[in-house]
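Chemist: Take a look at the letters that make up each chain.
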Amino acid sequence: MSATIATPATSDVHGDTGTALRFITCGSVDDGKSTLIGRLLVDSKTVLQDQLAGVQRGGETDLALLTDGLSAEREQGITIDVAYRYFSTAKRKFIIGDAPGHEQYTRNMVTAVSAADAAVVLVDATKLAWAAEVEDGTVVKRELLPQTRRHTLLAHLLRVQSIVFAVNKLDAIDDAALAFERISTALNAFAEAAGVKVAAIVPISALKGWNVATRHADWVGYEGPSLLELLEDLPVTAQDEAVPFAFPVQWVEKFSASADTSQGRRVFWGRVASGHVEPGQRVTVLPSNQTATVAQVLSHTRQPKTVHAGHSAGIVLDHELDVSRGDWLLAPEAFEPVREITATVAWLDDEPLVAGRVYWALQGHRWVKAKVARIVDRVNITTLESEPATQLEANSIGDVVLALQQPLAVLPFAQSRALGSLVLVDTASHRTSAAVLVQPPAAKA
Amino acid sequence: MNARTEADLLQPPMHSPANLSNTHLDALEEETIFILREVAAAFERPTLLFSGGKDSLVLLKCAEKAFGVGRIPYPLLMIDTGHNFPEVTAYRDQRAQELGAELIVRSVEDSMKRGTVRLAHPGESRNAHQSVTLLEAIEEFRFDALIGGARRDEEKARAKERIFSHRDSFGQWQPKDQRPELWTLFNTRLAPGEHFRVFPISNWTELDVWQYIERENVGLPSIYYTHKREVVERRGLLVPVTELTPPRDGETVQVRDVRFRTVGDITTTCPVESLAAGAGDVVLETLSVDVSERGATRMDDMTSEASMEKRKKDGYF
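Which chain is which? The protein sequence lines are L and D, in order.
Going by our numbering, the residue at position 269 of the first sequence is 333; the numbering climbs one at a time, nothing skipped.
Going by our numbering, the residue at position 35 of the second sequence is 67; the numbering climbs one at a time, nothing skipped.
Only chain L is shown next, with the shape it has when bound in the complex (with noise of 0.2 angstroms):
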């Protein structure tokens, strides 16, 4: 595969800031991500005494037992899935995914990140050899660990709005402010090479709070805000635009109003996936293939309304159809529905991904059959190169072209999320066991 995804056809103009922001904290083990959490609960003053009073060992308060809520966690000290916890300042809702380092828990990250409008990735200076960046003409760029890499990678490939470098453990660095340079130098650098768009680097001590909740002023050179003013600042996801309507039905209300009625009118309940519906307008049912007038739209809460991309709608046809959960309305002529797709996976499953084998395949609320066809490629995290490769095991990232049971109106992941994506699920152990995100026709190999 190309490391390089497309970049995406929304701008940042029509994400708001009005509504919570949804952002993950990742990066490698021992990073600081459970700290940098505990430090922006308290510092915000969500935390509560008893909360605190729980974390407090011998004397010495440890910020990462807030959110390692598992007693295998503080048992290892190590974070294994995702903590959501939640605050606010006066300025914004925040909702928290505290995601693991551990590349054995990369599925937890993924699920962290699926659902973020920001991630934070952790960089710890201390582990890095950034001294030595002239000396033997290597690049610093190599030095990045391995799951900052990959974490970087996995938020840009599942589109995250806003992804930013957190430079922490600074303080613990007598040359803080080269370091801090040097650092943010080879971050930029993975970037470009990467073709991820950096919305800041902040240096931080997660332990001191410097730049956490507010500046520290005069240091390492740095004058940009805080790490949370930055994120009270940054847009939640916008919808995908200029995509027609696309609407996967996902329960179908059969109302039969007592008294006159001898037939029972359907209403269909899905959340439009892209586009708007609104009554007078022509659908297509997929795989039926036939076509029906929208009668009748309404909202979550059963108003009349014209719903747009992201929210719940009920839909109202003007005659019956055979449609059930599952089945896509959508815009007619708008959508090829194929049988093969090519898509780039990132894999979570122990069990590797081999070529011939047949899994369940969701997308929007439709499952269907999918045969891996065979495996294009897979991502080298290190290099960005990509090599072949025979099977995708577990935590890695990789092309694949899928033959599909049954047809489904797809597009390229990079323009719309809601019909680019999709999880397969292993027939036997029920597993949930890649993100499926399909690459334009064009770059089949």
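In short, the hints are calculated from the structure, not lab data.
Here the structure is a predicted model, which means the values were calculated and not measured.
It is possible that part of the hints are untrue.
Said to hold, decoys possible - Below 25 angstroms or equal to it, Euclidean Cα-Cα: the simulated SDA-like pairs (lysine to any residue) are:
{"#": "1", "chain 1": "D", "residue 1": "Lys208", "chain 2": "L", "residue 2": "Asp414"}
{"#": "2", "chain 1": "L", "residue 1": "Lys318", "chain 2": "D", "residue 2": "Lys342"}
{"#": "3", "chain 1": "L", "residue 1": "Lys318", "chain 2": "D", "residue 2": "Arg103"}
{"#": "4", "chain 1": "L", "residue 1": "Lys157", "chain 2": "D", "residue 2": "Lys342"}
{"#": "5", "chain 1": "D", "residue 1": "Lys208", "chain 2": "L", "residue 2": "Ala458"}
{"#": "6", "chain 1": "L", "residue 1": "Lys157", "chain 2": "D", "residue 2": "Lys93"}
{"#": "7", "chain 1": "L", "residue 1": "Lys435", "chain 2": "D", "residue 2": "Leu222"}
{"#": "8", "chain 1": "L", "residue 1": "Lys318", "chain 2": "D", "residue 2": "Pro107"}
{"#": "9", "chain 1": "L", "residue 1": "Lys369", "chain 2": "D", "residue 2": "Arg247"}
{"#": "10", "chain 1": "D", "residue 1": "Lys342", "chain 2": "L", "residue 2": "Ala458"}
{"#": "11", "chain 1": "D", "residue 1": "Lys93", "chain 2": "L", "residue 2": "Thr83"}
{"#": "12", "chain 1": "L", "residue 1": "Lys369", "chain 2": "D", "residue 2": "Val101"}
{"#": "13", "chain 1": "L", "residue 1": "Lys369", "chain 2": "D", "residue 2": "Leu222"}
Starting from the known structure of chain L, fit chain D onto it as the hints suggest.
Modeler: Then chain D, alone, in the frame of chain L:
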């Protein structure tokens, strides 16, 4: 189409207090309703756990908006410890009737009679034993999905849980091995005997719940608001004095103005001092509290750091 049918599809419009910014609550409500409909569609025998407590009443308000009165497509299930506040069970029954919903009650006492629940001593709290009765009810009705009103901000083991949370054939949660949950593509596939716990208000905070109760005029059992009650002080908590929880030697019974922040089994739930007479007052109090909801009120969570996780693994809500 038939004009009368059209009107019947609609819910009467809601009016909200003028000063509230509604964007956040609308988003939470919409997410919750999306999940409630997903359960209706994806499972064969779902049920909604309904205790009469504020979180399950908020859940039920969302269900009412999603489906309409008399049209909630799953029964309500309550696991009764036999140690309930009468105001809560009365309100529970009233609400179920108003909504035209089927209410199934299964009691810990019946499990004790069957011998599946054994108390270590007669005074032991029945709270944790609800798991046994719950799993028995799941087996009896072959439920494949149970909707619960747990929130991630309540407790740190809950902060880790998926919205669609898989349970094995023993009803056990495997916190170290949860299925990935990507976007809103929920993997609801099950093997026979397994089930899901589904948490549609995972992302609501205590404040969100109270603001929603205020905005939507959600009715609550009276003990959520200020009332005079006999209590004793014990380990920093106000313990209500009841037949089941008599004062211990040396404790002084006092009458205080209190309200409950959370309501559960009488033997584990404590009120807080408060004069809040309505949801708006509670919102203001919630904005200024410095002790968490469960920390202030739950004796069962204070026994060890992992008490909630342990109970959840055993099949608790």
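Chemist: Can the restraint linking L/Lys157 and D/Lys93 be considered satisfied, given a maximum Cα separation of 25 angstroms?
Modeler: holds (23 angstroms)
Chemist: Quick one, are D/Lys342 and L/Ala458 close enough, alpha carbons at most 25 angstroms?
Modeler: At roughly 29 angstroms apart (the allowed maximum being 25 angstroms), L/Ala458 and D/Lys342 break the hint.
Chemist: Given the hinted pair L/Lys369 and D/Val101, is their alpha-carbon gap at most 25 angstroms?
Modeler: It holds: about 21 angstroms lies between the C-alpha atoms, which stays within 25 angstroms.
Chemist: Is the Cα-Cα distance between L/Lys318 and D/Arg103 25 angstroms or less?
Modeler: holds (10 angstroms)
Chemist: Holds or violated: are the alpha carbons of D/Lys93 and L/Thr83 at most 25 angstroms from each other?
Modeler: holds (22 angstroms)
Chemist: Holds or violated: are the alpha carbons of L/Lys318 and D/Lys342 at most 25 angstroms from each other?
Modeler: violated (41 angstroms)
Chemist: Regarding the pair L/Lys369 and D/Leu222, is the alpha-carbon distance no greater than 25 angstroms?
Modeler: violated (36 angstroms)
Chemist: Would you check the hint for L/Lys157 and D/Lys342, treating anything up to 25 angstroms between C-alpha atoms as holding?
Modeler: violated (31 angstroms)
Chemist: Taking only the CA atoms, is the gap from D/Lys208 to L/Asp414 under or equal to 25 angstroms?
Modeler: With a Cα-Cα distance of about 14 angstroms, the restraint between D/Lys208 and L/Asp414 holds, given a limit of 25 angstroms.
Chemist: Are the Cα positions of L/Lys318 and D/Pro107 separated by 25 angstroms at most?
Modeler: holds (18 angstroms)
Chemist: Next pair to validate is L/Lys435 with D/Leu222; report whether the Cα-Cα distance is within 25 angstroms.
Modeler: Measuring from Cα to Cα gives roughly 21 angstroms; hence the hint holds.
Chemist: Mind checking the alpha carbons of D/Lys208 and L/Ala458 for me, to see if they're no more than 25 angstroms apart?
Modeler: Since the Cα atoms of D/Lys208 and L/Ala458 sit roughly 16 angstroms apart, the hinted pair holds (cutoff 25 angstroms).
The structure does not agree with the numbered hints 2, 4, 10, 13 stated previously, though it agrees with the rest.
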